[in-house]
Amino acid sequence: MSRSDDVGLADRLVDAALAAGRDADGTEVTISRHREGLTRFAANVVHQHVATDDTTVAVRVVLDGRVGACTTNDVSPEGAGAAVRSALAAARLTPPDPHWPGLAGPVDLAPWGDRHDESTAQASPDERVAIVAELVAQVGDDQRGAGALSTAETEVTFATTEGAHHQARCTRAALSTVVMGPNGASGWAEDAGIALGGIDGSDVGARAAKLCRDTVNPEPVEPGDHTVVLASPAVMTLVDHLGLCAFSGKAWTEGRSAFSGRLGGPVASPLISIYDDALEEGAGGLPFDGEGTPKRRVELITKGIASGVVHDRASGARAGVGSTGHGLPGPNPWGPYPGHLVLSPGAESLDELIAGVDHGLLVTRFWYTRVVNPKQSLITGMTRDGTFRIREGRVVAPVRNLRYNVSILDAMAGCDGVGNELHTCCDEGGDTRVPALRLRSFTFTSVTDH
Amino acid sequence: MRSLETAFGATAQRGVDIAIGLGATYADARVLDMAGERCSVRDGEVEGMSQSTSIGIGLRVIADGCWGFAATRDLDATSVESTARLALQVARSGALLGPAPPRLAPVDPTIASWSNPIVEDPFGVALEEKIALLVAATLTMRAVAGVAVAEASLAAWRRHSLLVTSEGSRIEQRIVQCGGGIEATAVGESEAQNRSYPNSFGGDYGTEGFELIRRLDLVGNAERVGREAVMLLHAPPCPGGVTTLVLDGSQVALQVHESIGHPIELDRVLGMEAAYAGTSFLTPGDVGKLRYGSPHLHVVADSTTPGALGTFGFDDEGVAATCTPIVSEGVLTGMLTSRESAGEIGMTRSGATVRAQSWAHLPMIRMTNVSLLPGSAGSLDELLDGVDDGIYMETNRSWSIDDRRVDFQFGTEWAQEIKGGRLGRVVRNATYAGRTLPFWASLDAVGGPDLWRAWGLPNCGKGQPPQVGYVAHGAAPARFRNVQVGTP
Numbered sequence: 001m002s003r004s005d006d007v008g009l010a011d012r013l014v015d016a017a018l019a020a021g022r023d024a025d026g027t028e029v030t031i032s033r034h035r036e037g038l039t040r041f042a043a044n045v046v047h048q049h050v051a052t053d054d055t056t057v058a059v060r061v062v063l064d065g066r067v068g069a070c071t072t073n074d075v076s077p078e079g080a081g082a083a084v085r086s087a088l089a090a091a092r093l094t095p096p097d098p099h100w101p102g103l104a105g106p107v108d109l110a111p112w113g114d115r116h117d118e119s120t121a122q123a124s125p126d127e128r129v130a131i132v133a134e135l136v137a138q139v140g141d142d143q144r145g146a147g148a149l150s151t152a153e154t155e156v157t158f159a160t161t162e163g164a165h166h167q168a169r170c171t172r173a174a175l176s177t178v179v180m181g182p183n184g185a186s187g188w189a190e191d192a193g194i195a196l197g198g199i200d201g202s203d204v205g206a207r208a209a210k211l212c213r214d215t216v217n218p219e220p221v222e223p224g225d226h227t228v229v230l231a232s233p234a235v236m237t238l239v240d241h242l243g244l245c246a247f248s249g250k251a252w253t254e255g256r257s258a259f260s261g262r263l264g265g266p267v268a269s270p271l272i273s274i275y276d277d278a279l280e281e282g283a284g285g286l287p288f289d290g291e292g293t294p295k296r297r298v299e300l301i302t303k304g305i306a307s308g309v310v311h312d313r314a315s316g317a318r319a320g321v322g323s324t325g326h327g328l329p330g331p332n333p334w335g336p337y338p339g340h341l342v343l344s345p346g347a348e349s350l351d352e353l354i355a356g357v358d359h360g361l362l363v364t365r366f367w368y369t370r371v372v373n374p375k376q377s378l379i380t381g382m383t384r385d386g387t388f389r390i391r392e393g394r395v396v397a398p399v400r401n402l403r404y405n406v407s408i409l410d411a412m413a414g415c416d417g418v419g420n421e422l423h424t425c426c427d428e429g430g431d432t433r434v435p436a437l438r439l440r441s442f443t444f445t446s447v448t449d450h
Numbered sequence: 451m452r453s454l455e456t457a458f459g460a461t462a463q464r465g466v467d468i469a470i471g472l473g474a475t476y477a478d479a480r481v482l483d484m485a486g487e488r489c490s491v492r493d494g495e496v497e498g499m500s501q502s503t504s505i506g507i508g509l510r511v512i513a514d515g516c517w518g519f520a521a522t523r524d525l526d527a528t529s530v531e532s533t534a535r536l537a538l539q540v541a542r543s544g545a546l547l548g549p550a551p552p553r554l555a556p557v558d559p560t561i562a563s564w565s566n567p568i569v570e571d572p573f574g575v576a577l578e579e580k581i582a583l584l585v586a587a588t589l590t591m592r593a594v595a596g597v598a599v600a601e602a603s604l605a606a607w608r609r610h611s612l613l614v615t616s617e618g619s620r621i622e623q624r625i626v627q628c629g630g631g632i633e634a635t636a637v638g639e640s641e642a643q644n645r646s647y648p649n650s651f652g653g654d655y656g657t658e659g660f661e662l663i664r665r666l667d668l669v670g671n672a673e674r675v676g677r678e679a680v681m682l683l684h685a686p687p688c689p690g691g692v693t694t695l696v697l698d699g700s701q702v703a704l705q706v707h708e709s710i711g712h713p714i715e716l717d718r719v720l721g722m723e724a725a726y727a728g729t730s731f732l733t734p735g736d737v738g739k740l741r742y743g744s745p746h747l748h749v750v751a752d753s754t755t756p757g758a759l760g761t762f763g764f765d766d767e768g769v770a771a772t773c774t775p776i777v778s779e780g781v782l783t784g785m786l787t788s789r790e791s792a793g794e795i796g797m798t799r800s801g802a803t804v805r806a807q808s809w810a811h812l813p814m815i816r817m818t819n820v821s822l823l824p825g826s827a828g829s830l831d832e833l834l835d836g837v838d839d840g841i842y843m844e845t846n847r848s849w850s851i852d853d854r855r856v857d858f859q860f861g862t863e864w865a866q867e868i869k870g871g872r873l874g875r876v877v878r879n880a881t882y883a884g885r886t887l888p889f890w891a892s893l894d895a896v897g898g899p900d901l902w903r904a905w906g907l908p909n910c911g912k913g914q915p916p917q918v919g920y921v922a923h924g925a926a927p928a929r930f931r932n933v934q935v936g937t938p
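Protein sequence lines, in the order shown, are assigned to chains A and E.
Start counting the first sequence at 1; every next residue gets the next number (our numbering).
Start counting the second sequence at 451; every next residue gets the next number (our numbering).
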């Protein structure tokens, strides 16, 4: 299907849905087309190779303050109409929502640049395999590489009877790999961006293979409080989990957030500033959220001071401040989420951060992190794919993986160094941009045998 | 309900035939028609009421020694033909990196249909009744002084599938599943405490009809759940140390999930999931030799368990549901296998575990109902008897395990001290930690059949792109010795 076919179909579906909703007080329709190709490899060969294409029509209708919703992938006008009728039937049986914030109205989107690369949208399986082959060529004879290269195109048309009408599309290419070697060795690397042309398979493979070679025969290490230098992928885990524990306006208004009662006060080192901005250069994704509200920048931690939370239409209405453009597609019982977090870079290179540690650990990335106590921003998880001992300002040896239990905000209160390079981290499919950090105290509670 | 065989059988067969005609050595086509409904209520107000439908076809082929998969929502014959050609192209591209010819364990061609028995179709129950139930449950929780947020939800799914393979299988299945739960949150100055029923993270789910929801009695449990949330807010932290630990069935189920269910996935054992989900500490050679736990440990992977969320008639490769012994008297006896992975290690039959989240996802090894078989303890009191000093923990709150499935830490919503064989004061923020094999070696008692039930987990994640799997674990309360517990 061509671009003009896509746009024409979306417009016809919007018209059909809005027409079918004429009995409603308001109708919202979202047409999403997602095409994805994935080349997954293990033991240096392709083992899962996929191409998928789907389009969904999601509608919400409002009737006397009652809200119903329905989603279908029947993209005929009749299918869109049937979805609206199902949503209307559900709305008629639903009690009125006294806090219904209303549908999005007409508003212009801020300039957000081009997030679409046609060659990525059209990427063939051969092109992906060629990049994976470049990666695998860097893997040593005693090593095995596993990973995935994906190319995806998303196009969304959003409209309401209140006058909102947005249309945007974006592409994304992402490559990540784990390279495993003898005697517990394991390295990891990733690259992601709007265009497949920017993905360098050789570079990703070389970085992971080197990290793997550097981690052969990891030494035992004692658990306890350590000074750590966290590489960007590890910092991503902390920042993303603050998104779950602290930055939701809904949890904040309910008193369940790590920021509840703390806005305006110190929560981290003055070196820490975090904001969410989908419009900044380097960010990916669409310029409006799942409720059709334009995304906008929100300062969350400013020089260590808790400075804000993000809102969707419901939480923003309850807080009396309006949406910040962080709503998920409705109906959404989970609340708003910041999907484009940035931790502002500082002044030190990774080597300088390491040079500032007498006794400590360098952590490449974390694994299987879960929230233990959200109000205390307490999380647990494991290190993985490259953990090293630092002595007198130098990386001296690989160590075995450790389990950590830390309060993110308490750990960030002890930050005394921020890296000067911002990396886009995409391993969990997110769009988080962070530098490396040096934290004076990080609590590890156990050590593995690998 | 229409027959998928009648509506799309010829189209699916055409897709398979095209793939074989173009040189594929194997092909299958899977049409999946899915419907879902979800209703959530917060503090007496409907927060979300949604329905969804999705239909499409996924074609899986082997060509030039590699797998290829392509999927489309468009079931028009022309579209299915081009999707079959795309699957071929995808497979042949993979061969550019070097073929890895799959050796598929054989399966008898099967022509069959299957559906799970239900008493009451959840899609047939009036929406007003479902909403009224959830509203009543949340208002009952909110009536407890100190409860800040009360939430309740119900969900139901219907999956209607047709599988056509180049080996002659044609299988049509209709599976109906549903479940739900309630949760109360109490908020203090520096603490927020949750209490859930019947399980956390959405409740309990099964391959059953609405009779499951009625049996749960969400409203009847709401006041207790609210009261316990408030009680937790004022409870002391769980004391630390190495002690005897008694877990309720739902937490045993998650322990089985993370430290037995995932490690025995043969694709993970063979390194196929290394990049994302990690590997396993197990090797194929461990089967029949490795002592996984104490003689009290008996585990099966049983996709025939009536009503359990991981139950089906045939997996997505057309292999009939079966019961595979996994651990017998503490010794590892089996793994979760697909046709490909079983063939790779020389097995003659797949264990029937392969499933996909949707028509657009590649089928892969998933847990079915990986269950700890009941023991002999007739009651929770019997498990507590003789425990002078210990901790009882109930309902998961957090979970984490390393990438080889060895080092784990779990937290629970609810915990009580055990003193002199009896449950004592309530403690909060309880966690326990350990390593897989020593932990299961410390198992010294399991509740009997009256305490055993299947716990449905509708949120098991695996694969790239990530797929959600519906699995279950039969479990009863169980007792473990010398376990590290405490409050992080």
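Don't take every hint at face value.
Not everything, but these chain E residues come out facing chain A in the computed CB check (under 8 Å) [what the hints assert, rightly or not]: (1) G459; (2) Q463; (3) V540; (4) L546; (5) L547; (6) G548; (7) I581; (8) E641; (9) G861; (10) A883.
Don't read these hints as lab results, they were simulated from the structure.
No experiment lies behind these values; they were computed from the predicted model shown.
Every residue, glycine too, gets a C-beta built ideally from N, C-alpha and C.
Next on the checklist: When the structure is checked against the list of hints, which entries are broken? Sort them ascending.
Outcome noted: 1 and 2
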